[in-house]
Amino acid sequence: MLARVAADLYWMGRYIERTEHTARLLKYQLTGLVDAPADELALGWQVIYRALGQSPPMAPADVDEAEAFMMADAYTLAGSLVEDHTNPDSMVTCWGMARENATQLRPQLPLEVWTTLNRGFLWIRDCDFPAAWKKRPVTLVAEAVDRLRLLAGVVEATMSRDDVWRFLQLGRFVERFQHQTNLLRTWDRLGAPDGADPSLSWSDLLRVCVAFELYCRRHGMTAERDTVLEFLIRDPEVPRSLRFALERIEHMLVGIDPLGSSHPLVPPRRVALRLAATVEAATGSVTDRERREADDSHVTDHLFEHLAGDGSRLHDLLITEYVDYPVSEGLPS
Amino acid sequence: MTVATTGTPTDPAMGNPGFETGDGGAGGNGSVVAGSGAFADYALDPRFHDEMFGGDGRPREACRRLSEALDRFPAEELIKLQEGVYRRFLHEGITFTVLGADEVSEQIIPIDCVPRVITAAEWDHIESGLKQRLTAINLFLRDIYHEGRSLKDGVVPPDLVLGCPQYRVEMRGVKVPHDVYVAVGGTDIVRTDTGFAVLEDNVRVPSGVSYMLACRAATKRSVPALYREHAVREVAGYPQRLYSTLASLSSSTTRPRVAILTPGRYNSAYYEHAFLAGEMGVDLVEGRDLVVHNATLYARMASGLRRIDVLYRRIDDDFVDPVTFRRDSVLGAPGLFHAYRAGNVVLANAPGTGVADDKAVYAFLPRIIRYFLNEEPILANVDTHLCREPEGLEFTLDNLRDLVVKEVGGSGGYGMLVGPHATGREREEFAARLRDNPTNYISQPVLPLSRAGCFVDGSLQPRHVDLRPFTLHGAEGQDVVPGGLCRVALREGSLVVNSSQGGGCKDLWVLRS
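Chains as they are written, first to last, in our numbering: chain A, 46 to 378; chain B, 563 to 1075.
I should point out that these hints are in silico values taken from the structure, not numbers from a laboratory.
Each residue gets a CB set at the ideal place from its N, CA and C atoms; glycine is no exception.
Any given hint might turn out to be false.
Sample of chain A residues lacking proximity to chain B, with all beta carbon distances greater than 12 Å (derived) [stated by the list, open to error]:
1) M46
2) D118
3) A197
4) R206
5) R234
6) R319
7) T323
Which bits of chain A does chain B cover? Going by a derived footprint, with three or more residues having C-beta under 8 Å, they are [stated by the list, open to error]:
8) 96-109
9) 161-167
Below, in silico cross-link-like pairs of lysine to aspartate or glutamate (DMTMM-like), each with a Cα-Cα straight-line distance of 25 Å or less [to be verified]:
10) K782/B to E157/A
11) K179/A to D118/A
12) K642/B to E157/A
Put together the whole structure using the sequences plus the hints.
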């Protein structure tokens, strides 16, 4: 496979995942518009914006971030994340970027994948956001989530499990790992720190991560911080747990470069293994309340920082290893 | 000088044939065909051959069943058909890119769901003419880059060839695999009252074959029963035939590695490049994917560099290699021509083939055919006046109002003047350009292109059409796919069929018998 094609697949996977992640967070938030108290809604927007790495809305200089979200209106906040073409992380931009990558991948992608992605993009590009908002704010993002899941299903059903698939999945799960790390960290620090008021519930985090039902089956209906975090970090069967994403990343790396998975390890594989080990050892630092409370530097935050740093390193190493390698290293022996 | 051709397709009795004015509408001398449903307003015009109906308004035998079926189609069904085709093209991204001043837009090529029918006998005539033409072109190209006999013998003026911007001195003496300079050719053919004639040869990077296949897929879905009834010859095998042609040119002892070189995503024909790469299962590379090392061409793969044996390049000569040709090109690969000269990679088509589709050299094709093959041309040329010659320039200037004037190296319908449609001021400006640089222009009569039924604004109406079949030339000989891109001038009365100028396309049914 061409190195450029590998990069396009990787980025296509990332953009699709990013769009879905944003749509899912928005779906949760806009559903809450019906009955959630205003301060909780503002906090929800703050968490979403922080987790997505978005700048807070414009506000007077003496207004802090939390207040800025209180002052902003939901229509503008949602619009920026859905339909704002100038926002590089809005859904329409990311969907468009995924389509742009897919355009370069027409020879590799099944027609069904291209058509589903293209139809979805044309739909969001042409949708009338103000009209949809007037009707029912959550409808549009809910349909976006449905369309993206349809795409995921078509990808699953039609693509061969070769390197085309692997680079696409690699992008998808690297993106998921980074986003989930950020979301868990933001929810823990900003959304639901101990004793805060207002506060977001841990069961809502499970719902955002489409993991509530599984959690209830495993741990009952009481969603507590330590159990939820451990569940979303370490459970290998939850599609949005960090461990789930890392296992997929490892699996794809082994498939792409079977030799690189034995010694000497290729650099991305080395970092992926280190991340897996970190997640495996994370239990104590996350759930040990005494340790957490005694430590001012906030052990959990360190863990997430470490995971975020290695996640970003993994991305860089993947590009260096498979796309931007020096020509002299690529010559046939 | 008007270069003599074998039987001009223009009819001297018609004066200024094919003018836009008066074309279309049921008035004038036209008669209405013998249909009462969808064809109720279909007006024939005696100046133009109609592909579906004879002069008496009755359907031609080969089109009888099709015309009867279409006539019975309720208008709303036809609208649904057309919309379905449009939607599918939109969703599947069958588009061409248009570069505007400020933005890039993707447009869907308008597809007409009514097929054009060609009989088996007509196709046999076209096919043998195409093979003859491409054989002669390849012999001519070999000659001008080696011995130059045809130039010495005065078949073509040497200065016309050697002064042609598409003549590549770098190709002199280069051994081209199997002497196949043009592996893929696209020939624009028109039909007038006097028969088929070649309007242009496209032997650099002809495009449009993906639309031929897309049109076929569209009609198979839209009118499956009619398609089955008509015993139409299949075109779906084109990608496989193209691959075999390209692979046959390689000297590799193992399965040759073929790739398509595209200028990239923003090229107007990008969809076609991607489509062909996908159908052939080969890599679609850009210049940035290529590396030349030790006079060998490699593609930059995720797993390291891998050799390429045959490069089907869809970029112009100028951009192939910045070391040899245009220094500012980023579309090709530095050193690629060196690898080609060394015989380590096949380029299809070979650099320098553009001489043969120069519009001034085109005028000499009948002579080239006679010289190299000792045969009479099977397909006629269109009368062509060379403005590089004083009498040709004078004739063109005197008759600008009645002629089409084209740049010798132009394409896509750009840089041309359609005299009858131009304003007085436009003609004056063009005349000044002609006087400044006469060698850059040729002129031809405005042709009365034949018309075919198209579904427009809820009813069937006649529109002018042409045809671009594709000829493949590999190590084992030639191969013409029985079909082609049938282009349609969708604007009423218009003769310009180029997609960049508002043209569309339709399926071409070549019948088995």
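*asked:* So, against the hints stated earlier in the document, which numbers end up violated here?
replied: Of the numbered hints, 1 and 8 do not hold.
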